[in-house]
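A.B. asks: Construct the complete structure from the given sequences, taking the supplied hints into account.
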Amino acid sequence: MNLPRHLAVVAATLVLFAGACSDAGSPAATDDAAGGGKIKIALSNSFIGNQWRVEMENVYKAACAMPPYVDEVECSVFNAGNDVSTQSRQISNLISQGVDAIVVNAASTSGLNGVVQQACDRGIVVVSFDNVVDNTCGLTVNTDQVKFGQQLAQFIVDELGGQGNVVMVTGVAGTGADNDRNKGAKEVFAAHPGIKVVATYTGMWDSATAQRATSGQLANLPKVDGVWVSGGTDGVIKAFAAANRPMPVVGGEAENGFRKYMAGLLTPKVNGMSIGQPPFLSVISLELARAVVKGEHPKESVTIPFPVATSDHMVPGETVFPDLPDSFFADFTDSGPNATVVLCQEAATDGTPCPGKTLDVKLGTP
Amino acid sequence: MREALRRVSLGYLVLAATAVAYLVVYSSRLGRFPTSFDYLSILNTTLPLVFVAIGQSLVVLTGGIDLSVGGIVSLCVAVTASTVSTSALWLVAVLALGAACGAVNGLIVAYGRIAPILTTLATLSVFTGLALRVLPVPGGSIPPQVRHVLTNPATPTGLIWLGLAVAGWLVLRRTRFGMRVYAIGSDEASARAVGVPAAAVKLKVYALAGLCAALAAVFYVSTTTSGDANAGAPFILTSIASVVVGGVAFTGGRGSALGAVAGAVALTLVIDILFFAGIDPLYQSLFQGLFLVVAVLLGTVAALAARRRRPA
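Top line first, the protein sequences correspond to chains W and X. Going by UniProt numbering, the residue at position 11 of the first sequence is 11; the numbering climbs one at a time, nothing skipped. Going by UniProt numbering, the residue at position 131 of the second sequence is 131; the numbering climbs one at a time, nothing skipped.
No lab work stands behind these hints, which were simulated from the structure alone. A couple of the hints might just be wrong.
[What the hints assert, rightly or not] Okay, derived cross-link-like pairs now, SDA-like style, lysine to any residue, Cα gap no bigger than 20 Å in a straight line:
(1) W:Lys183 <-> X:Val134
(2) W:Lys183 <-> X:Arg133
(3) W:Lys196 <-> W:Gln163
(4) W:Lys38 <-> W:Gln345
(5) W:Lys223 <-> W:Leu160
(6) W:Lys183 <-> X:Ile279
(7) W:Lys40 <-> X:Asp280
(8) W:Lys147 <-> X:Val137
(9) W:Lys269 <-> W:Asp158
(10) W:Lys357 <-> W:Gly336
(11) W:Lys183 <-> X:Leu132
(12) W:Lys183 <-> X:Gly139
(13) W:Lys38 <-> W:Thr358
(14) W:Lys186 <-> X:Val137
(15) W:Lys61 <-> X:Ile279
(16) W:Lys223 <-> W:Asn165
Remember, predicted model here, so these are calculated numbers, not experimental data.
C.D. replies: Structural data, given as structure tokens:
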């Protein structure tokens, strides 16, 4: 009489067990076998649902498979789906596992303070990047987001000769990066009385959303001379093109689509400046974590310069990638003689190592 | 009543299964059993979800749903983290704020006669907007004394609060109010016919859910040591998932907040199981989803079995 219920319960328990056990066996064994003498560095990422995060993890995996990391470091990667408590659990588990360093892109800049403190207390090196952890016991690798806003705004002001109507397309409200970028831009625009900010709306750092929002706003806007975009730049350009509006000067992120317009690979050709939050921040963080654990670098945070590209310096294969999709972030590698790190296309697309290459990461002056 | 018991026991069974799976995976991966550090960090990270899940289960018991818990948690997290004070009065103020937010939902649902899912979807945006207004950038702090009392990272003070929450529910469900919650969820029209003041009870239920969300917010700030205006968003789905796993019926009237508590803990353990099982991170949310589907299917199978048995 009770059979169906019991059967179901037993079956479910078996499924859970089977799933857990079969998957537990193999990776644990390989990790232990390869673990001799290597330092363990784990990447704890908040969510993986966008192009930037995918590239960021891919270049991390690629770097781990290239010298010197392939011989020195045992890497692992975890995603938490943008949920603070999940990421918090994962970091707790990494502490239990006894890793040497944890590289973190946080779901919340403040939400991991508690668990990061616990890691620091146990002598684990914590390096956070992009969405960094506030707790000062950890190190950070980042760019200056206020400068991002300033530099793009200054470019627009200079190109317009200090006169004109400007639109600001912002990012996801409530995040530190969005706040800082907007702050930097507003400072610059406010300092030039000839510049009038005629609209500010969010593009949610997403090309499709930015395109929709821009299409909706354009009908009510006067002549637009410059656009400042925190993210989703190619969407904004497409909206202007679709509405048959004259193309403004654009300061935006590092989407490959935006750079294709800048390089004239897509029409209309856009006069613009492209600055990106580089996905290779994960690789810089890996290097900093490795160097600190090995005692080769002082326990100090690192700020790296933005990779910048302008319309008159577009080099296919270096700053723009004709065979990659528009949504791809073209700043997965730095370029030029002072490049922080140079990576190949397959590292960003597939997470596979660049053939025959030893990575040289410049941490710069702290 | 027997069916209610059966549904509750489903939540416990799922919890027991995940707990065993956790122990197996953990020990096979690390070659030792979890230490007090692991248990404590599980306890402290689960507490906020436990409270939200209790509140959510109350609402679901009346046949409603509360999407705005995410907004209330965010707002209360923002207020808690941005006002630094050790006085108990300040904590009471945060809890009152949460209850007031919940009461707004209750008023609209009970007296405005607007569907709970619409009402709370709208107020979710309102509360989240307010939270962003209070705390535009993640930050703020909480006095270490409060942290030591609520979620001490060295001693299991969290157990006291978990115990109080469970005890609170056990008392509540035996009160006249508790009975009325079940009565409304089972059949609102009949309940009204026998003189249950359905609107007043619903108002209280939503206010209680708001209070629970505020409690969750205080514990959230205590474990993370600071605030984030987007903190509440993940709790919307995870609280509903906890309620589902805990065997509370979405049609209302059947289930228990304790089932939701078990569901909340089980959901947290699933994260750990996937971690130590070394599942490819890209498939983790897939497995979390599968876990939910299996749990819900179990609930349905148990309900069907019970229905088939009844005529016999």
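A.B. asks: Which numbered hints does this structure break?
C.D. replies: 4 and 6
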